[in-house]
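Novice: Sequence:
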Amino acid sequence: AGSTTPAGSTTPASVEQLAEISASWARVLDCVRDESRVSWSLLNGTSAMPVTAGVLQVLMSSAAIVANAQQRGVDKVVQSAIATTFGAHMRIEFAIASADAAVDETAGARDDDEEIASKAASVDDIARLLGGKVISEFEKNERS
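By the count of this note's numbering, the sequence shown reaches residue 127 at its end, each step adding exactly one.
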């Protein structure tokens, strides 16, 4: 998903600079958000890692998001943001993050977690925790 170098007085990114950009990915995303909300929404939750000098790989959660980003030219928006923020240019590649890099949705809880298994959450517990009201109670109160 590489593209041409943005115009301006930028220099090719070195491996060290790519590592700095990767470590400061939030700054790049802030600049992308200012330029294109659509691009930013596709990049939200991504990470970046240097591959070689002049190439930065953006890791995304699915093939569909990668295809969407490629189709929309998000690489050009990222290049522009990096040129603005760091004064460097590079080729941007999109890739699917490996399973090892994915965020664990269970946050460490296991299916056999004894504490969770011993405390089945009731509707009342969930409503109290979330500050909601059970709909059936709401309907009863409305009829009264």
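Derived from the structure by calculation, the hints contain no laboratory data.
For each residue, glycine too, the CB sits at the ideal point set by N, CA and C.
Watch out, some of these pointers could steer you wrong.
To be verified - Pairwise CB distance ranges, derived in the manner of DEER restraints:
no. : residue 1 : residue 2 : range
1   : Val21     : Ala46     : 17 to 25 Å
2   : Ser7      : Glu76     : 17 to 25 Å
3   : Ala46     : Ser5      : 30 to 38 Å
4   : Trp8      : Arg55     : 24 to 32 Å
5   : Thr68     : Ser24     : 16 to 24 Å
6   : Glu(-1)   : Gln54     : 15 to 23 Å
7   : Ala9      : Ala78     : 29 to 37 Å
8   : Ser(-3)   : Ser30     : 15 to 23 Å
9   : Ser(-3)   : Arg20     : 29 to 37 Å
10  : Ser(-3)   : Ala47     : 27 to 35 Å
11  : Ala46     : Gly70     : 29 to 37 Å
12  : Ala78     : Ala6      : 27 to 35 Å
Novice: Compare the structure with each hint and give your call.
Specialist: Here is what the structure says about each hint:
{"no.": "1", "hint": "Val21 <-> Ala46: 17 to 25 Å", "verdict": "holds (19 Å)"}
{"no.": "2", "hint": "Ser7 <-> Glu76: 17 to 25 Å", "verdict": "holds (19 Å)"}
{"no.": "3", "hint": "Ala46 <-> Ser5: 30 to 38 Å", "verdict": "violated (22 Å)"}
{"no.": "4", "hint": "Trp8 <-> Arg55: 24 to 32 Å", "verdict": "violated (19 Å)"}
{"no.": "5", "hint": "Thr68 <-> Ser24: 16 to 24 Å", "verdict": "holds (19 Å)"}
{"no.": "6", "hint": "Glu(-1) <-> Gln54: 15 to 23 Å", "verdict": "violated (32 Å)"}
{"no.": "7", "hint": "Ala9 <-> Ala78: 29 to 37 Å", "verdict": "violated (20 Å)"}
{"no.": "8", "hint": "Ser(-3) <-> Ser30: 15 to 23 Å", "verdict": "holds (20 Å)"}
{"no.": "9", "hint": "Ser(-3) <-> Arg20: 29 to 37 Å", "verdict": "holds (31 Å)"}
{"no.": "10", "hint": "Ser(-3) <-> Ala47: 27 to 35 Å", "verdict": "holds (33 Å)"}
{"no.": "11", "hint": "Ala46 <-> Gly70: 29 to 37 Å", "verdict": "holds (33 Å)"}
{"no.": "12", "hint": "Ala78 <-> Ala6: 27 to 35 Å", "verdict": "violated (18 Å)"}
Of the numbered hints stated above, those contradicted by the structure are hints 3, 4, 6, 7, 12, listed in ascending order.
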